[in-house]
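S.K.: Letter by letter, the chains look like this.
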Amino acid sequence: MAVMTYIEAIARGMWEEMERDPTVFMIGEDIGAYGGAFKATKGFQKRFGSARVIDSPLSEAAIIGAATGAALVGMRPIAEMQFADFVTCGFNQLVTNAAKIHYRWHLPVPLVVRLPTGGYIHGGPYHSASTEAWFFHVPGLKIAAPSNPYDAKGMMKSAVRDNNPVLFYEFKYLYRRVKGEVPEEDYTVPLGKGEIRRSGDDLAVITYGSTVHLALEAAEDLARDGVQTRVVDLRTLAPLDEELILETVRATGKVLVLHEANTTGGVGGEIAALIAERAFRDLDAPVRRLGALDVPVPFAPSLEEAVLPDKERIVATLRELNAY
Amino acid sequence: MHFARLPDTNVGTTTTLRTAARRRDGLSDTDRLKLYYYMRLTRACDDAILRLYKQGKIVGGAYTGRGNEATAVGSAFALDAHDYLLPMHRDLGAHLVKGQTLRNIFLQQLGRKDSLTRGRDGTGHYADPPLRIYGNVSHLAAMIPVAVGVALAASLRKENAVVMTYIGDGGSNVGEFHEGVNMAAVMNLPFILIIENNQYAYSTPVERQFAAEKLSDRAAGYGIPGVTIDGTDVELVHDTCRTAVRRARKGEGPTVIETLTMRLHGHSASDDASYVPAEILSEWSEKDPVGQFARRLQQEGVLNDAKEEEMERGITRAIEEAVDVALANPFPPPEEASEGVYAP
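Going down the list, the protein sequences come from chains X and E. Quick note on my numbering: the first sequence kicks off at 1 and runs consecutively. Quick note on my numbering: the second sequence kicks off at 1001 and runs consecutively.
Hints listed in this document are in silico derivations from the structure and should not be mistaken for laboratory results. Check before you lean on any hint, since a few could be wrong.
What the hints assert, rightly or not - Some chain X residues near chain E, calculated using beta-carbon distances under 7 angstroms: (1) S59; (2) T68; (3) N97; (4) Y103; (5) L107; (6) P139; (7) G140.
Note that the structure is a prediction, hence the values are computed from the model and not measured. For each residue, glycine too, the CB sits at the ideal point set by N, CA and C.
All chains should be modelled from the sequences, with the hints used to inform the complete structure.
M.R.: And the structure:
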């Protein structure tokens, strides 16, 4: 078992799938000779050639559209958005074409779109956005959001093998900050299954991606006061692991839904609604939501820290919930 | 007026040049009769669709292609069976040439259970992988990058296949047109884009859509060849497309072909097109693609009244049969509505 960073695990997953299946290819900006803005595809073009690791023009709509077209006729493209923010330029291709093709035509669209996402990196309003909620609303898209290297490799392999368009959110903050053991052999982590990262029956945090780590730190703080917090890592947003969410409510009765994305209209609101509809009687307190303030992610560190969720705010919210 | 200038000057010159080429490298009379048959079939299908619309049997709107038959038929006739076709909503003729059955066409128009989309989408918005037809969506130009991706896949797999897709004068102004054609050019893909300039994008005339003299001039900006031709002359369209297909198959890259046509009715059956000046319509009606080709074939002794009547009878019977089959087919059961969002 090798110890890898989160980004190395993503690269490893793609590398193994490229070796395993000749229909897998990559397309994106600066991914070939340069190896990608974050170096996730470093060495790929040398190993797999420029026909399978394609440096594209700066054209997000054409990247996603061409990947969709290739997938439609049997290829398995991995398309890279340099930053998740830029997926706005390819929004139409995802929502109008990729998402609707199977429902209309009964044809698979085995497409992966990689989206380096999120803040905590001082990237400013155009390099820090969390865009997953827009696509969460669209039937036909799958949304992966791994929080650690093991899942990153296993979920990447599942995403490549999936017959649907998968938006693969990679948390930039985690790229080189999180390390973990990653098996060298072939394994997959299924899409649609969450995981309990920390046990606890007093209350629970349901989250995904970068904020899994903040939630675990916050749970440590509460544990010092004897309060045991369950931390649920959803891992995939679509399909959502509804059973794990409802079971968590039954087990703890008090839930904080946490994400880095803006609070209003976020995935957290849907989870809260799901709980209200199907687990109301198991609740001992109103469901709480914690996300970014409803503003763009600002540039200056002092402002960015004020906007994105941090450990202190999570601890404070959990204490309020515990006291309810 | 912008649209009046196009048929007189541009086409005049181009047509003269291209007609000479056709005589050197022409189609057999059998193929010319096939072209004529498909144009008549296309028009008869469109007329049947409009009749069904008036009878209240069509689901939603009716989008037909009167005036565009030569472009749709002539272009698709240049393709082989293993080539890919990504047509637009005025290209029923291209579907038919590529091998689509009348039964499937009318099942789609009527939103029935056994239609290719099982009632999930209408008109030409279907895919038929064995025929290598992948239909359009309502967002104009959104399929251009998809067509580029199909060409990329064909190229990666060394299929020696060509991808032909279409856009209109209106749709050519959508951003994805630029991204798609540029990418096809950069990657030197086997990709052919037909721009059907039929003078109006819904109610908006071409002078409110673009300021360029010709839409094919845009090709120069992508470093690929572009040509503007008379889109009402089926043999000219076919000849031009065949040249583009040969280029693409030899690995010489994409071509843009602007075909000048006229939409001889409204945008859809609910649009009376009263915004189109009557003299423009009558001028273009004289160039009606079907009548124009019939006269040429008659003059050259390839077609006579007896053949014409026989063709007419066959087409009428085939359409009646297909419409009957489609009308007898039920709508899909409502419990199917929630199925199939995701592939297994």
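S.K.: Hint by hint, which ones does the structure fall short of?
M.R.: none
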